[in-house]
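Residue numbers (this note's numbering), protein chains in the order written: chain A, 1 to 115; chain B, 116 to 640; chain C, 641 to 755.
Hints were generated in silico from the structure; no laboratory data involved. Here the structure is a predicted model, which means the values were calculated and not measured. From the three backbone atoms N, C-alpha and C, an ideal C-beta is built for every residue, glycine too. Honestly, I wouldn't trust all of these hints.
What the simulated footprint calls covered on chain C by chain B, stretch by stretch (three residues with Cβ under 8 angstroms from a Cβ of chain B suffice, anywhere in the stretch; the number is not a length) [as the list claims (entries may be wrong)]:
hint, segment
1, 676-689
2, 711-725
3, 732-745
DEER-style ranges, computed between Cβ atoms [to be verified]:
hint, chain 1, residue 1, chain 2, residue 2, range
4, B, Leu121, A, Ala57, 36 to 42 angstroms
5, C, Leu718, B, Arg203, 34 to 40 angstroms
6, B, Ala591, C, Ile657, 30 to 36 angstroms
Here's the letter readout for the chains.
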Amino acid sequence: MVLYNLPFIAAGLLMAFGIAAMLLRRNLIKMIMGLSLVEAGVNLLLVSLGYRAGGIAPIFTNAPRDLMVMPTVQAMTLTNIVIGIATTALLLSFVMVIYRRYGSAEADVVRRLRG
Amino acid sequence: MIVPSLLLQHAPALLLAVPMLGAFATPLLGRLGSGIRNAWAVLAMLCTLLIAVVLATEVLATGTIVYAFGAAAPHLSVPLDSGGIPIRIIFTVDAMSAFMALFASIVGFAVLLYSLKSQSRNSGQDGYYALLLLLTVGILGMVCTGDLFNFFVFLEINSLAGAALVAYRVDKGVAVEAGLKYAVLSTLGGLLVLFAIALLYGQYDALNIAMIASRMQFTLLDKVALVMLVVALAMKAGAVPMHFWTPDAYSMAPSAVTAFLVVASQASLYGIFRVVFSLYGLALDCLTVGWVLIILGVLSMFVGVTMAIPQKDVKRLMAYHAVSQTGYMLLGVGVGVAVLGNQDLLTAYGRIAMEGGIFHIINHAMYKGLLFLTAGAIFYRTGTRNLNKLGGLGHSMKWTMVFFMIGALAIAGIPPFNGFASKLMIYESVFLFNPLLSIIAMVVSILTLASFVKVFHSIFMGPKLPEYADVREVPAPMLIGMGILALFVILFGIFPQQVVDLLITPAAAALIDQGGYIASILGGA
Amino acid sequence: MAAIMTLQTGTGFWNPIIWIIAFVIAFVFAYLIWMLGEKDPKKTGDLIRPYLSGNPEPAKEAVHVPGGNLYWGFTEALQGYYTRVVPLHSGILTDYLLWFLGVMAFVLVLVGVIV
């Protein structure tokens, strides 16, 4: 049972680590790394959900007709990976601009907007 | 019918395809010259608006439209050989979706016209128009889709385009700081939404909202998914106490973008309503979820308006008001959710409360958009948003002043403008539910008026200041953009019942009628 | 005409037309009173200068009341509220994330997931 649930536990742990990193680290780059960990955790959860015991991978060249697993979650994961790349790139470029203008990338320094 | 049937048949797909094509072709056409690019962007947005009008007319006339992508015929939502499971990405455009799409594209068009002049002095306009059109895609996609994963994708498009637009005017890095906060929060929110979708998929093997709704068991995992969806979307909509990004992002974005970000937030609000009503429906613990929405709403109303009063930055002040007004929508619809299980109470006041909340969405988009555009007009001419430095502009910017007055009176709920009509519906129906909530709502309205008196006084009143001696009225495209929104504010205020009958009642009925929503996809199963 | 424009609010109603008619009548009265006034007031001289107990008129920027001074009394009276609520808007990204996740945890308790 534990072995069967291992991927879900791993996904949960990854997400927890990511959220912990976002809350405990003050460096913006590290916080974005935490965000990427959360994303990895969600991706792992998605892929784990797609596992079917004894299922046949939907590769058309060598799978028997009509008996393949439907690759919905795999497609979702790929989409989320692409979205994740775009988001991470945007966030990191924001941090670069902030570091250049503020001279710091610490969350408790980057707070000119408040009140 | 003058509309060709092909266009009509594929309207839900075109509603997204047109702005998306517009967005990606904009940087290419930008190489040919800024005039061509601007004309292209206006054309794309105008076509989107026309398609939204066609789609909304069709939906209101014939009922929910289903569009299955890649199917032999768009209305074949369930393939014959799939065993009764809708496997394709399906758009389910019911009256609520049509209503959201319609006003989102109206505001989008007004904002685009306004941007033509207000952004004309900035660099990187190719990207600006592309992102603005992409933001439109995100909003329209969120409100039209009937597929949970598709909803997440459009939510991310919405967040990314929105964050990039917030940071667009770098402004010594401060705008980028606002963009970063918005992007980090909405990405984490988006990931939690995806997590919730994964929980639902793992249990029901489906992504289609109607399909999941028909199989809904309300297990423990469903509860977790519900909380994640509702709280993450409430954060995106800027509900207190998760509103902290709102004043930052709204105040630092270019004003035209801020007016549109309000609509983007409301698309998230739509997401909450869709999740609560269509996805979960009566399976919910209605009273608890209703009260969660009501508490978020009341907190938003009160904290938003009290934080607005001492602000010195005009756009930050208006941003806190946006938070406060979102509270009214949450309150109205929250009351509707709380009495969802009880048919008598629903007819007595629940339905009216929901209609008030939904009516307030469109009214808010119009008057708040108008107010942000006037703030942008003032910034365009004076270069400052600081209320302590502004003054006496009523002498030279008369049209802007008139538009500001219309917007300010509407947001404060002064008749005969549109804010009054929807607030009246909320007050009267919520009073029957719980008098205290209604009284809080009225007090918040009074405080709203008080703080806009302050803004009006400090921007427009007083003697003409020497530093603004050569300030003139803003150029015509900006006035036209504001004029469109002001026209709607007045029209909706004078003909409230017509708007309610035409758009709001069908939208509220579509939300409440979960069975109809499921049947539109699964065919009466 | 008037009937179709009445907004039904369940228990009450609201008719913008009557309000507008009342507004127009009030405007007509105001205009009539204004008509009774001096037709051609002097545009120059002492008549248009403000009278400040015989003191000279200060410069324009000196008499302008900037926005920050309005509602000083209101915020002063609610000091107890504002000193608590304004610092919450700290501008630190970590705090924003904490509030978001905290509310999520709180609602999880409310809905009955975590007992």
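Subject >> Unmet hints by their number, sorted upward, for this structure >> reply: 1 and 5
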